[in-house]
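Enquirer: One-letter residues, chain by chain:
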Amino acid sequence: MPLADYQRSGDVQGSYAIETHDLTKHYDTFEAVRGLSIKVPRGSITGFLGQNGAGKSTTIKMLLGMMKPTRGSGRVLDVDILDAGKSIDARRRLAYVSEDKRLYDYMTVRQIIDFTKSFYPTWKTDIEQQLLDEFRLPLDRPTKKLSKGMRTQTALLLALARGAELLILDEPTEGLDPVVTEKILELVVGAAADGTTVFFSSHQIAEVEQIADRILLIDRGQLVLDTSPELIAENFRRIRGIYDLPLPEGALALDGVERVAVDGRMVSVIASRNIDGIAHRMAHLSSGPSVEVLPLSLKEIVLESLKRD
Amino acid sequence: MLFRKGWLETRSLFVTALVATMAVCAFWTLGHEWVNQQWQRDLIEHPEWKNPPWFLRAMHDYPFFIWHFVYAEMFQKIWVIFAVLLGIGGVSREAAHGTAGFTLSLPISRVALFHVRALVAVVELLILNLAALLTIAGCSRVAGLSYPLLHGVTHNALMFAGGLVFLSASLCLTEFVEGEYTPALVGLGAVGLLYFVMQPYADGLPVTGVAIPFAIPRLMAGSGDIARIEDVHWLGLAVSFTAAVAFAALGRYRTLTRDY
Amino acid sequence: MTLLLKPNPSSGVPIYLQLKEQIRHACETGALRPGDSLPGMRILAQSLVINPNTVARVYRELEQEGLLELRHGIGAFVTSGRTVTRWTAARTGQMQAAQKAANEFVEELRRRGFGTDEIRRLVEAELAALPGTKRHSSSAG
Chain A
1 MPLADYQRSG DVQGSYAIET HDLTKHYDTF EAVRGLSIKV PRGSITGFLG
51 QNGAGKSTTI KMLLGMMKPT RGSGRVLDVD ILDAGKSIDA RRRLAYVSED
101 KRLYDYMTVR QIIDFTKSFY PTWKTDIEQQ LLDEFRLPLD RPTKKLSKGM
151 RTQTALLLAL ARGAELLILD EPTEGLDPVV TEKILELVVG AAADGTTVFF
201 SSHQIAEVEQ IADRILLIDR GQLVLDTSPE LIAENFRRIR GIYDLPLPEG
251 ALALDGVERV AVDGRMVSVI ASRNIDGIAH RMAHLSSGPS VEVLPLSLKE
301 IVLESLKRD
Chain B
1 MLFRKGWLET RSLFVTALVA TMAVCAFWTL GHEWVNQQWQ RDLIEHPEWK
51 NPPWFLRAMH DYPFFIWHFV YAEMFQKIWV IFAVLLGIGG VSREAAHGTA
101 GFTLSLPISR VALFHVRALV AVVELLILNL AALLTIAGCS RVAGLSYPLL
151 HGVTHNALMF AGGLVFLSAS LCLTEFVEGE YTPALVGLGA VGLLYFVMQP
201 YADGLPVTGV AIPFAIPRLM AGSGDIARIE DVHWLGLAVS FTAAVAFAAL
251 GRYRTLTRDY
Chain C
1 MTLLLKPNPS SGVPIYLQLK EQIRHACETG ALRPGDSLPG MRILAQSLVI
51 NPNTVARVYR ELEQEGLLEL RHGIGAFVTS GRTVTRWTAA RTGQMQAAQK
101 AANEFVEELR RRGFGTDEIR RLVEAELAAL PGTKRHSSSA G
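Chains as they are written, first to last, in this note's numbering: chain A, 1 to 309; chain B, 1 to 260; chain C, 1 to 141.
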């Protein structure tokens, strides 16, 4: 989808690259994923955040057909994830880079490129060549002799040269130096500019904030945040006030209040909307000179969302 | 390209087995004269040593000599070890190594992966038998000994048909046992145990009742005299082959239905 | 690409607004003049390493506001004249009036006994409550 003809995402046919409905996975007694319902619009760059063990990898595995859900359903590129036959066609149009980024030990870089290339009719040899040159990958070296950085670059080359409609990347920049990281983000952005949907999980919140237009946060198997950096910058605020006496019960049970934290005389509220209303009420009750209204970074919101009550 | 992957994956193992096979076959053919001379000397110098049942015949019957040392002993063991190691692998092993995600996200079915791997293994085992046949025939000629080709064909065919069950069991085992090296250890351990238990039966004790499943090594070797069709233990072969198919089906089912 | 700087995602100002502001500022100061072309959306997204949809939105909105002209298949160009703010005498006069208002405001608050830091906090809180304003720096003692 050339950017000059950009339409609002949601207007294109099959407007979601990934959709799940009540997706659930139990291992014996452990509930890895609980009732996950997400929608990833086509053409978006969606960041998938969550702590280790929160259920990100399990979710991705279910989307790729590597694991069978205990309950619920999902569609990837308009194909039911439970339909093994049709899923093969969907996989021809997507690329997945796992967290491991391991490659076949017994193949050289050239061999694994040739091997992967053979499965994708939409393979882009120009991108393959461009990335080979940029990354300076040694074609005849066995992959087991590559450094971690070069292995990641090879894995990304194999994904980006496919001409895929959807990229699913698990921690794509983990362990990479800042220069290479920026390069990879640049490539991801370039792919998105060509219309590819990018769904990537990451612990680097700053990166997600930089390039994502959608953010999904998963905690203990459940979706706890579904927003965008834009919404956060426009709507989320931290409002702080000073109070000599403890606030009456329910004083801050207002529309938009997400979290209330008390530290000595300082009461801090995280709000997702109705900022003026909340600030007014807090100023009214406050014994201090003023009420502060501060913006919130994605990192702060994620950390707040993950706090245990 | 899946076949190319299968080949690259098993290449080192195959070459090792091939070299070992050809070395063993070359030794017992080219070295037949030398071995015989050692035996002659031992008979004279150590009359007190007890001779194993096959000894006297092996001294003067060359095809029997080959049968004993190659088909019944060394080559058979190489073949079986190779069959077990070949069967280990696939997506299950890749899961331990970290590449399962990459493989399973390719636009290919799990069944295709399984079939290709099995087929590559079968072809490589066939080539191994062929290599044994040709090496023995060729080296025998070089050593000036006559070796009936039918003998070689029969025994290699028997080993292949009877031994497929090892490959199958291994293909199946790898789908149930996790880890990069554990399945190999379990498989080789099981085979080691089998041969240890079976050893007394290998050379002539009657095989009855419950010992029949353990008689595979003897089945694969056949008797030293096999020249006619009736000498083949057809029932044993049928049972072994059926077991092979059953193991393969189970392994295939498991890879289709399990989570990775 | 040094004409436009990489937006700061954590500043509290949405990235698209930062970019819009930067382009407007470039036009105001003359770094970009009417007729100049801006980088293609994809190239700009890649060089700033930000979401391409964001760039698309910025270009679209600036086109609607009359600052840019998007020629399909060719690129984005700064429009000639019209609504582009320039440092004119009128603007200078406005600036002087604004300075006078600020001076009166600060003097009034000082008369009421507010200290410098308190006044600063009040103003920043006021600005932060409006969308599209800068992040409040931590209050100094």
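Please note: incorrect hints may appear among the correct ones.
Unchecked claim - Selected chain C positions facing chain A (in silico; Cβ < 8 Å):
1) Val13
2) Pro14
3) Lys100
Honestly, the hints are just simulated from the structure, not real lab data.
No residue lacks a Cβ here, since even glycine has one placed at the ideal position from N, Cα and C.
Enquirer: When the hints from earlier in the document are held up against this structure, which numbers fail?
Expert: 3
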